[in-house]
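Trainee: Sequences are here, hints too, so could you generate the full structure?
Numbering that gives the first Met the number 0 puts the first residue of the sequence shown at 0, with every later residue one more than the last.
No lab work stands behind these hints: they were computed from the structure.
Calculated lysine to aspartate or glutamate pairs in the DMTMM-like style (CA-CA distance at most 20 Å, straight line):
#1 39 - 17
#2 224 - 258
#3 207 - 173
#4 265 - 117
#5 45 - 94
#6 224 - 266
#7 242 - 25
#8 98 - 87
#9 242 - 17
#10 98 - 259
#11 136 - 208
#12 189 - 173
#13 1 - 258
#14 98 - 51
#15 224 - 183
#16 89 - 117
#17 90 - 117
#18 207 - 197
#19 42 - 59
#20 45 - 57
#21 42 - 87
#22 211 - 183
#23 42 - 57
#24 116 - 181
#25 116 - 182
#26 136 - 120
#27 136 - 183
#28 98 - 120
#29 207 - 132
#30 211 - 132
#31 11 - 173
#32 242 - 32
#33 45 - 59
#34 39 - 59
#35 42 - 25
#36 265 - 120
#37 224 - 120
#38 11 - 25
#39 224 - 56
#40 90 - 56
Note that the structure is a prediction, hence the values are computed from the model and not measured.
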Amino acid sequence: MKNTINALLVTKGHTFQEIPFFSMIDALGTWDDEVTIHWKHVKHPKALAAFEPARTDDYDVVVFYDMPGVVFTNNPSQPFQYAEPPAEFKKNFMDLVGKGKGMVFIHHAIGGWPTWKEYAELIGGKFQFMPGEVGGKNYPGSGYRFYEPQTISVLDTSHPIVKDFGTTFKMRDEVYLYPVLEDDVVPLLKSDFNFVSENFANGGLGFKEHPKGSDLIAWVRASGKSPIAYLQPGHGPQIYGDKNYRNLIVNAIKWANSEEAYAWAKEWVSARAGVQ
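Mentor: Written out as structure tokens, the structure is:
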């Protein structure tokens, strides 16, 4: 008999092709031989209520495919505006992180709540629409490039999220020119794409001045008592239907919900704090 994972899926803040995306989500419910994923979908701004303490026992894992806090103005002189996360939500969210809840952030979720420094640190990086500080360094806006063929290298073939992927595999998807806190994450996958600004034609303000970006596209880390995974791929039908991509998402959800991940998170956070 399969185990069941109750997953809260959070969306909105960034457009996406909903029909093929939710077709993938439906398929992932029974994709794996070991688990069944029961999804509950919430959109911003109503999603904030799902983090109220009385509601957090309703789900085992949170899957973020959202990008709150960014407003696209359609004004060429000021194309982006930022919105602050509500104080009550910030408290509820960080209380949940401290209590322990598996979290999986996907694709554009790394651009969410851009004014909230701790949020980027929790994920392990940040896609910026306007210049700002990430990990104590100033960066211009980030860049993006659609539908790029890539060879992906598996950096830790023993990790549960990527253990069945061999050493390399092919993928065609959007790439990001963005800062990653490489010293504060455990890398799982890297791309062979050349992440220099000359290879990007679109992005946030000043992206052409961005230094060479990270080649990492998947990693894990922890905060509080919560195991956290980030998966950079996720733009459009060509990747939603990719078998490796579907396996990646399901494996990340399984890992984030596992006793192994919670034990690892405790050890990793303690080690980072210098606690023996």
